[in-house]
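Chemist: Chain S is already provided as a structure; the job is to place chain W on it using the hints.
Keeping their order, the protein sequence lines are chains S and W. Going by this note's numbering, the first sequence opens with residue 16, and the numbers climb by one from there. Going by this note's numbering, the second sequence opens with residue 1366, and the numbers climb by one from there.
Treat the hints as calculated values from the structure; they're not laboratory data. Just so it is clear, CB atoms sit at the ideal spot from N, CA and C, and this is done for glycine as well. It cannot be assumed that every hint is accurate.
[What the hints assert, rightly or not] Simulated crosslink set (SDA-like; lysine to any residue; CA at most 20 Å straight-line):
#1 Lys1539/W x Leu165/S
#2 Lys1539/W x Ser192/S
#3 Lys164/S x Lys1788/W
#4 Lys1788/W x Tyr118/S
#5 Lys354/S x Asn1726/W
#6 Lys1466/W x Ser376/S
#7 Lys164/S x Lys1466/W
#8 Lys354/S x Asp1524/W
#9 Lys1539/W x Ala194/S
#10 Lys1485/W x Ser390/S
#11 Lys1539/W x Ala190/S
#12 Lys1539/W x Glu163/S
#13 Lys354/S x Pro1526/W
#14 Lys1539/W x Pro162/S
[Claimed, not checked] To give an idea of the chain S side of the interface with chain W (calculated C-beta under 10 Å), a few residues:
#15 Ile119
#16 Thr166
#17 Arg182
#18 Gly341
#19 Phe377
#20 Met387
Listed below are the residues making up each chain.
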Amino acid sequence: MSPGTQTDRDPGRNATAVSADPAAVHSDPAASLLERCRHLVDDLSFEAVRRWKDEHPGRPAVGYMPIYVPRPLLEAQGCLPVALFGGGDQLEIIRGDSYFQSYICHIPRSTVELALRGDLDVLDAMLFPSICDVIRNLGGIFNLLSPEKLTFYVDLPQNFSPEVGGRFYGEQMMALSEALVERGAKPLDDGALRTAIAAENTRRRALGKLDALRRAEPWKVPASEAYLVVRAGAVLPTAEHTTLIDEAVEAFRAREARPYDNVRVAVVGSFCEQPPLALIRTLEKAGCDIVDDDFQLGMRFLHREIETPDDEPALAALARAYLDHGVATASRYIANGTKGSELISRVGEAGADGVVFAAASFCDPALLDQPMLESALDRAGIPHTSFKFSENTGQFGSIREQAGAFSDSVKLWGKSA
Amino acid sequence: MTTPATDAVKSPSAPPPEAAPTPITPSKDASQLRQKRMIGEHFERLERAPEEGNKVVYTFVPGNLTELLSALDLLPVLPEINALQSGMRGKSRGYIGEAEKSGHSEDVCTYVKCDLGMKKSGNISPTGTQLPDPDLLLLSYTGCFTFLKWFEILREEYDCPVSMLHVPYQADGKITPEMRRYVVDQLERDVIPALEKIAGKSLDMDRLSEILELSRQAEDDLVAVWESAKHKPSPIDGYFGGVYYVGPIFSAFRGTEDAREYYRELRAEVEERMAAGRGPMTPDGELTEERYRLVVEGPPNWTSFNDFWRMFSREGAVVVASTYTKVGGLYDTGFRHDPDRPLESLAEYCLNCYTNHCLPNRVSLLEQYLRDYEADGFLINSVKSCNSFSVGQLLMLRTLEERTGLPGGFIESDLVDPRYFGKANIENRVQSYLQMLASHKKGPKRRSA
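Chain W extracted, bound-state conformation:
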């Protein structure tokens, strides 16, 4: 399964340590500084957890139950994020090698192997602190079959309990009352009791509602950030920059005061850029000329993240909307956590993550993005590791081209296995695609997008 941005990923102007060269920026925005502090403090808390008696829950990004964990003072660790951070820090190759040496197939998800390799190499967090072992594995089985196997494997490694939350798939493109009730039933009967047991306390529903209200406020501001890309020029990059924006809300911080303030600050900064007619930040500084507006489907490659980004930014290509930044919540289609319906709302959140949607829904969402954001075309980055995303993308490409008349591009890479990132090949494909886009923009009028 692919995962969204990270609590350890920093803002576009401050990439992670040991990643690609630092972008040129005059100063860090307040939101960037806040996110950096939040991440650092979280990993310090995790390192101190065993001595301070705090309990730790490993869980996944899509459909995570961060608010529930917070309400019980449990600390989350998100293995996908550790894996992508390892990719950005140049460590994933070694970790994957460790896992493959111990019998894991080269065919399977590299997030899993990277995580296992990191565990076998000492379980050091992206910020260099020691990660504690889990007290519980919360298997939020949303949109990705591999999650199930991943935590079966981790259970053998850690010999700790697992709490399973099976989230039904939106195969018909809608959430039925039966699906919602199934998730709520599991929360009430299995997940919450399991969490309460390791927390040593009962869930306070009032506190949960307060946390959900903070989530809702942050979600409002995040949507305003996404929608700023409708402006021309777009003040944000909704994919390469977007993965930084989703860091707090997809991970350990949703429902915290810090996250609410982060998104408030971010929104203000983005609106200021928009008012000033400024483009997004890139690894090389501010983009001054927006030549192409793109929609992107699929996760990014993490091992050469900035190189990948530059292939676009140096050509003046801005991603105005992306699906990857919705794997931890499709807020821009209207979902908000609801403090008045806490468990139902958590269930709907889980059910509504992007990869839990059927292919026809995914095509429709992309079509909507192309239209609403007045994009010139779309590009699919198909990653080897993630069948949940990748299977069907070639048909999505054709269907979208037919429906919109807009040119689509298709490239292949991987999440965190550098062996599958052929820089020259990918760069050639991106350049060819952008050249085609340039011709298309000059050519006959496109069909209605």
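Looking at chain S on its own, in the form it has when it is part of the complex:
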């Protein structure tokens, strides 16, 4: 192996540089695909959703906040699920700030800003999963601002017994399904749901290939680029996104790239409000190969594919998948087992050398979870570092220094860092 450093890499290999350097576009098999992804991710006016609605008249587009909603249910009813992650660092907040006190995280501000600008008018319904008090109350804010629009609180069960939590969750999904029918969705059909679940499983396999390549050859698939590929699916039907992921994997594989002398890290805590892409790149430039993360966790919320046995209704199967196979993230009560054990397993499976905690400022779930996870990592001898961000963070100097120092210390001292 002939190690280089991340800063040595060809800038034409990242999506932003692609459009600025035509020569690089032609030299990188992934360039045009990444450009398309970047366009989809940056488009805060949801043109892709508008196009989909034009092509599917009368069918609802359903926005949902992080982390997880049962997307196959929506697709089975002919809806387009649209994952919302706020406005990122592209959106100037003019009115959104006046709805929130200074000590509230940033994603609700930019989401309200988008709504007030009219960008979310394309959505026929908004779903608010039960991940924290902010997202929960944001649903109430939308209800007060737009009482005519369907806002639905997805109260994901914290009881994981199929007879108790499973039944409640199933009832909730039925209530959601009926509410969507009132907005133009097709009635829920078991066969259609099985088809939608199968599509979700196919996407999951595609994501698995992408993640496997990231882990095996991170120099070919920087996390910042994998991020764009995954994030593009926020506004695409599942099948279309799966095709995109497959193409991306092929393009990344075709790259001729050399390994860097980087440390391998897992990034934890960014499951809801997303870090700016430049922040992810900053970590990479500081010498970190991000081989595992919980960015935009929703599409990877389940540990395994959703099984749909013939003798079980598809809706029950969808509920059971959530109960039995949900990842151990901060918004999910860990009823059994040791806190942090799943993170340690993930670090091991990804071959990560350490963990970077990157939580959004004022994110209660992530920040309350963090000390417990840090203790678990300490007990396991896994080095870690932490910082906070906001989706519109624009200064990365201190983060780069911190990540660089962490990377160096892991290289020098390994587990004792």
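Modeler: Leaving out everything else, chain W in the frame of chain S:
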């Protein structure tokens, strides 16, 4: 999550030890003396619990299952109340510092950090007795996401079992049969067996019903106390004074003979004051002139509680209704524990706590309070620690102003972190607000409230 008043909080005429100066009162009412004795005895029982073989359950205020614990002779500890007491006793700053030194973010709930710091500092109760470790953590997950994380953290500290009760949120402003059944199912299948296991006995449903009947009687009297504020002048302050009134019913005493008697006495005392045309007690004695009638949304600040209260009482401002005093039960909208439907009734109680209601419901309740209590305006105290309360309050402010035409005020502080209580700034805001209210009262007629 914010919490209501405390089993250790004393009546307005007898603030906690080491808190602000003692109000001037000629004598303590019988209810005040009773509450003081109840609190003292409870903490003594807790201190003796390990040697007497009594089992201890830590749990939260909103949606607590006190009657269930009592029926199994289990002793509750309420960490939020310990935190707010630490705030009133000037100890929270140190406790929060302890927690932050051990890695907890400055961004997160200060109740949690105060509780953790208290634990790390020896776990001494508000009355100075030793608190026992929990035999079980009863995670009544009602209206506040932080509860879930709080007890995950405590589980690591104490290495004891947790029983989780997930209470669905009233996102559509109503309790559905599915929500009720989900809670009852959890009670039957998970919570009660877990409690029985540590209690070493089976739940006697007849005894539970008897306890619930005592709860119901106390709840009737508490509602009469709240509604006394419709009288002019109001004989009570439904916020600063109210947090003392809810102490027994929100905490370890609901469903006890003592609590029933406390509320019977309190009601009689309040009705006597009302009949005599007397105003509420304040830190400086009886309020003699009621100039402003306010409704307040949000928890109080505990670290400067009496200073905060005086900003209102010295201007003749009386809080005639508040939402914070409903986080442990919205009795004034009709809910009562029902001895004939014990588990369903407990489920409905959990589901019906104030912060388990959606924002549109909360706005409607405030609107109703403004109208029913003939208030001159409303004020929101937004606390940094509690997203459950705080997120959406700025829109609530605007919506209420639009609907009622009444002036709203907005101030920011925290529950128990004194770094977030800027006395001069808050006092300026309160005074400016009250001046605006005075102008408004003299001005054109308001819209129907």
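Chemist: Each hint should be assessed against the structure and marked as holding or not.
Modeler: Here's how the hints hold up against the structure:
A C-alpha spacing of about 16 Å is found between Lys1539/W and Leu165/S, which places the hinted pair at or below 20 Å, so the restraint holds. A threshold of 20 Å between alpha carbons decides the hint, and for Lys1539/W with Ser192/S the separation of about 19 Å falls inside it, so the pair holds. At most 20 Å may separate the alpha-carbon atoms for a hinted pair to count; Lys164/S and Lys1788/W exceed this at roughly 42 Å. Annotation: proposed proximity of Lys1788/W to Tyr118/S holds, straight-line Cα distance about 19 Å (limit 20 Å).
Restraint check for Lys354/S and Asn1726/W: not satisfied, since their Cα atoms lie roughly 36 Å apart, outside the 20 Å limit. Our distance criterion of 20 Å between C-alpha atoms is met by Lys1466/W and Ser376/S, whose separation comes to about 18 Å. Distance restraint check for Lys164/S and Lys1466/W: the Cα-Cα separation of roughly 46 Å exceeds the 20 Å cut-off, and the hinted pair is therefore not satisfied. Restraint check: the Cα-Cα separation between Lys354/S and Asp1524/W comes to about 12 Å, which is no more than 20 Å; the hinted pair holds.
About 16 Å separates the Cα atoms of Lys1539/W and Ala194/S, which keeps this hinted pair within 20 Å; it holds. Using a Cα cut-off of 20 Å, the hinted pair Lys1485/W and Ser390/S holds, with the two alpha carbons roughly 16 Å apart. For the given pair, Lys1539/W sits about 14 Å from Ala190/S by alpha-carbon distance, which is consistent with the 20 Å threshold. Between the alpha carbons of Lys1539/W and Glu163/S the distance comes to roughly 18 Å, so the proposed pair stays at or under 20 Å and holds.
Under the criterion of a C-alpha separation no larger than 20 Å, the hint pairing Lys354/S with Pro1526/W is consistent with the structure, at around 14 Å. For the suggested pair Lys1539/W and Pro162/S, the alpha carbons sit about 16 Å apart, so the restraint of at most 20 Å is met. Given the 10 Å rule on beta carbons, the hint for Ile119/S holds: about 6 Å separates it from the nearest Cβ of chain W. Checking Thr166/S against chain W by beta carbon gives a least distance of about 8 Å; that is within 10 Å, so the hint holds.
Proximity of Arg182/S to chain W holds as hinted, the smallest CB-CB distance being about 8 Å (cut-off 10 Å). Annotation: Gly341/S was flagged as interfacial toward chain W, and the flag is violated, the nearest CB pair being 14 Å apart, outside 10 Å. With its C-beta approaching chain W no nearer than about 5 Å, Phe377/S sits inside the 10 Å limit, and its interface hint holds. Interface restraint check: Met387/S against chain W, minimum CB-CB distance 6 Å, threshold 10 Å, status holds.
The structure fails to meet hints 3, 5, 7 and 18 from the earlier list, while all remaining hints are met.
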